[in-house]
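Chains as they are written, first to last, in the numbering used here: chain E, 1 to 192; chain D, 1 to 545.
Since the hints were derived computationally from the structure, they do not count as laboratory data.
Cβ atoms here follow ideal geometry from the backbone N, Cα and C, with glycine treated the same way.
Any given hint could be a false lead.
Unchecked claim - Coverage of chain E stretches by chain D, computed from C-beta distances (three or more under 8 angstroms per stretch; other residues unrestricted):
no.: 1; stretch: 14-22
no.: 2; stretch: 43-55
no.: 3; stretch: 172-180
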Amino acid sequence: MTPDEPLLALLAHELKNRAAALEGGLAAEGASPALRRQAAGLRERLVALTLLMAGLAPRDLCTETCSAAEIWHEIRAGLMSPAFPVELDCEDPPLFACDPRRLVPALEAGLDNALRHARTQVRVSVQAWDGGVRWCIDDDGPGPGVPGPASTGLGLRLARAVAGAHVRHGRAGRAGLEANPQGGARFVLWLP
Amino acid sequence: MAFEPPPPPLRIRHYRALVIDDMPEMRASLRQQLGMLDVTDVDTVGDADAALRLLALHRYDLVLCDWHLGEESNGQQLLEHLRETDALPEDAIFFMCTGENAYTRVLAAAEVHPDDYLLKPFTSQAIESRIRRHLARVQALREAREAHAAGRLDEALACLDRVVAQRGRFALDAQRLKARWQLAADDAPGALATCQAVLEAHPELTWAEMTRARCLHATGRADEAMTAARELRERREHLPEPWELMATLHAERGETDQALALLRRAAEAVPTSRRLRAVAETAWRAGDLPGATEAWERLQRLVRTSLAARPRDLLRLAQALVDLERADEALAVLERMPRRFKADDTLAGTALAVSAQARIAAGQEDAAAADYARATELLDAVLPPETGIALGRAALACGYARDGLRLLGEAIQADHEAADVERMARDALARAGKDAEADALLAKARAGVLGTLDEARRLMRQRRAEEAMGLLAGALERMPANGTVRLAAAQLTLMWISQAGLTPERLAAANEHLARLDALLPDDERVRRMRRFLQETLRREADGS
Numbered sequence: 001m002t003p004d005e006p007l008l009a010l011l012a013h014e015l016k017n018r019a020a021a022l023e024g025g026l027a028a029e030g031a032s033p034a035l036r037r038q039a040a041g042l043r044e045r046l047v048a049l050t051l052l053m054a055g056l057a058p059r060d061l062c063t064e065t066c067s068a069a070e071i072w073h074e075i076r077a078g079l080m081s082p083a084f085p086v087e088l089d090c091e092d093p094p095l096f097a098c099d100p101r102r103l104v105p106a107l108e109a110g111l112d113n114a115l116r117h118a119r120t121q122v123r124v125s126v127q128a129w130d131g132g133v134r135w136c137i138d139d140d141g142p143g144p145g146v147p148g149p150a151s152t153g154l155g156l157r158l159a160r161a162v163a164g165a166h167v168r169h170g171r172a173g174r175a176g177l178e179a180n181p182q183g184g185a186r187f188v189l190w191l192p
Numbered sequence: 001m002a003f004e005p006p007p008p009p010l011r012i013r014h015y016r017a018l019v020i021d022d023m024p025e026m027r028a029s030l031r032q033q034l035g036m037l038d039v040t041d042v043d044t045v046g047d048a049d050a051a052l053r054l055l056a057l058h059r060y061d062l063v064l065c066d067w068h069l070g071e072e073s074n075g076q077q078l079l080e081h082l083r084e085t086d087a088l089p090e091d092a093i094f095f096m097c098t099g100e101n102a103y104t105r106v107l108a109a110a111e112v113h114p115d116d117y118l119l120k121p122f123t124s125q126a127i128e129s130r131i132r133r134h135l136a137r138v139q140a141l142r143e144a145r146e147a148h149a150a151g152r153l154d155e156a157l158a159c160l161d162r163v164v165a166q167r168g169r170f171a172l173d174a175q176r177l178k179a180r181w182q183l184a185a186d187d188a189p190g191a192l193a194t195c196q197a198v199l200e201a202h203p204e205l206t207w208a209e210m211t212r213a214r215c216l217h218a219t220g221r222a223d224e225a226m227t228a229a230r231e232l233r234e235r236r237e238h239l240p241e242p243w244e245l246m247a248t249l250h251a252e253r254g255e256t257d258q259a260l261a262l263l264r265r266a267a268e269a270v271p272t273s274r275r276l277r278a279v280a281e282t283a284w285r286a287g288d289l290p291g292a293t294e295a296w297e298r299l300q301r302l303v304r305t306s307l308a309a310r311p312r313d314l315l316r317l318a319q320a321l322v323d324l325e326r327a328d329e330a331l332a333v334l335e336r337m338p339r340r341f342k343a344d345d346t347l348a349g350t351a352l353a354v355s356a357q358a359r360i361a362a363g364q365e366d367a368a369a370a371d372y373a374r375a376t377e378l379l380d381a382v383l384p385p386e387t388g389i390a391l392g393r394a395a396l397a398c399g400y401a402r403d404g405l406r407l408l409g410e411a412i413q414a415d416h417e418a419a420d421v422e423r424m425a426r427d428a429l430a431r432a433g434k435d436a437e438a439d440a441l442l443a444k445a446r447a448g449v450l451g452t453l454d455e456a457r458r459l460m461r462q463r464r465a466e467e468a469m470g471l472l473a474g475a476l477e478r479m480p481a482n483g484t485v486r487l488a489a490a491q492l493t494l495m496w497i498s499q500a501g502l503t504p505e506r507l508a509a510a511n512e513h514l515a516r517l518d519a520l521l522p523d524d525e526r527v528r529r530m531r532r533f534l535q536e537t538l539r540r541e542a543d544g545s
C-alpha cells in the first residue's frame, strides 16, 4: 500500500493539535515536569513532521527584527526543570531578522537533542558571524555520529528546513551537527 | 562571560481576553494557556457573530482569534470589519492564530494587519513572548503616535525617523507607519520615497508594495500604479487591495464594467462591509440594479448583528427592490430597519417615502397616502438630496405630480454637482413617465443657482471677497436648503482665509457652512476635504503663533 500523502498530512495536523491540547491540559492540572516534557516532545515532533511534509520556503516566513535575548527567553521559559542549568552565554545579544515562530521550534529541537546527550552541561551561545548570526548549542556527550537515546534525526531536519528558508541577499541559512572543540557535539544554526 | 538576565515579569493578570475559535477543544486549550499567564478573565466564542456581540458589550485587552472561523467567515474578515467600524479599542491587542496550512496566506495581509501572528500549535510562552514584543513596540512608537494624535505631523515623522535611525527591532514598523501617515496627509511623493527605501532592503514586502502602488496612483502615475497592482495581484491572488486599486484605475478611465468585476473579486477575497458597499454602489451607478441589490443584501446579512449597519445602505436597497418590482421585499427591509435609525426624523421620513412607493406598487393606495403624509410631517423643509428624491418619487407615485416635480427640482438644486442626484432624478422622472420634463427641470434647477455662483467666483478672482460673500449670503437666505450654494460659500470662505488670513469671523463662517453641509450632504468627500484643509490651516496658525 502506498502512503496517501494528504491523509498523512491531515493526520499529522490533527495529532499535533491534540498533542498541544494535551500539553496545555497537563500544565494546567499541575502534572509532573516529566509528563509535561513528554507531551511537549510529542507536539514538537508532530510540528516538525507537518512542517517537513508541507515544505518551507522563504515566502512562508513572517520575518521581523528580533533580539537574541527575546528568542532565548521564549525557549528558556518553555524548558521544564532541565537536568542541568542552561543559560544563554552572550555578551551583547545581537539583533537579526528571522521568523521567531519558526526559529524557536528549530532551536528547541537542537536544545532537546543536546539535553538528551549531555553528561554534565549544555551551553548555548549566539554571536554575529559571517554577516549573520550563529547560534551554537554545545553538549559534553559522546559527540556527533553516535546514535543517542530516541534519536530520529527529525529535529535536525526541522532545523535545516527552517534555517534554509531564511534567505537574505541571496544567502540561505544552514544548520548542522558538528564536533564540539571541547568534546561532545555542537548544534549550529546560522542565519544570514 | 555574561549571562542574559531574564526579563521582568509580565504584568497582565488584569487582562480581559476574548478567544475566538470554531473548535471547542482549541478554545479550552487557549483558555488554559492564558491561565498559565495568570489571565483568568477569559471569554470564549465559536464564531464571528458571537465575537461581535461580545466586543460590543465588553472592553477586551487581548483578542486571540483563529483565522479559520468555519465556512462563513475568517479572522481577516472579522479583523477588517472591526477596524472599519472602530469596534476594537485602540490599545486592545489582536493576535491572529493560524495553522501551518493557512499561515503563508494569513501573513500576506496587505494593509489591515493583526498586532501579531501565532502559529498553531503554540505554547503559553509564545503568547507571552508576542505580548512582550507588542508592548515593546507600542512603547517604541508611543512618542510618534502621541504627536500624530495631537496633529503634529512633522514632529511625529521626526520621532519615527529616530526609531528608524536606531536600526532597532521596530525600525520597519516605524517605516510602515511613516508611509501610512505621509499618504494620509497627501504627501504621496514622501510616502513613495519611504516605500522605495523599505523595498530596497526588503523586496516583496507586501504592505510596502501595496503602499507604493497607491502612491504612484496618488502622484498621477496611473500606468505605473496599474502595473504595480497587477504584479502584486499575480503573486498574491487572495489579496483584495490590488484588485481594488485596479478597479479605481479602471473607473477613472470610465471603464465601469471592468471596475465592477474587479471590485467583486476584492469582495470575494475578503468580504467586508466597505467592499460590499463599493460593489453595490458601483453596480447601482452603472444601472445594474440586480447586481447592486445582491451586494446590498449580502451586506445586510454581514452587518445584521453589528453597529456597522448604515441607514443609507438599507434605504438604497429598499429603493432598488421597489424599482425591481419586489415591493414586498422592500417593505420587509424597511420593517427590519433598526429602531435607532427610526428615531431620526430624516431617516424615518425617507423610509416612509420609500415605503409609500412600495405600497403603491403593492396596490395598497390608502396605506401609501398615509406613509407619504407621515413622511412630509417628519421631514423639514431642508432635505438632503437623496431624501428629497425619495419623497419626490413618493409624491409622483401617489399622484401628487406638482409636489413631486418641485421636490425633484429642489433635490437637484441641493447638489447640482453630484452625478448621483441627477441620475436618480432622471430615473424618477422616467419611471413616472415624465421623461420629457427632465431636461427642462434640470435646466431650471441649475439656472438660478449657477448664475449667482459664477458671479461670486468672478468677484473672488478679482479679490472682492466681501462682495462675493454678500452675494452668496443673499442666495443662502433665499435657498437655505441649497447644498450647491452652501458648498460654494464654504469653498469661497476657505479661499478667503487662505488669501487674506484667518480671523475669528471667517473661522466662524467656515465652521457654520461645514456644519450645515454635514446635514445637507452627508458623507461627502468634498466636505471632508474642506474640513481637512481647515484643520490644517488651524494647525499651521497654532504652530506659527
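Verification of the supplied hints:
1. 14-22: Answer holds; 6 residues pass the 8 angstroms Cβ test.
2. 43-55: Coverage by chain D holds here, the residue count being 5 at a Cβ distance below 8 angstroms.
3. 172-180: Three-residue rule not met by the stretch 172-180 of chain E, so violated; n is 0.
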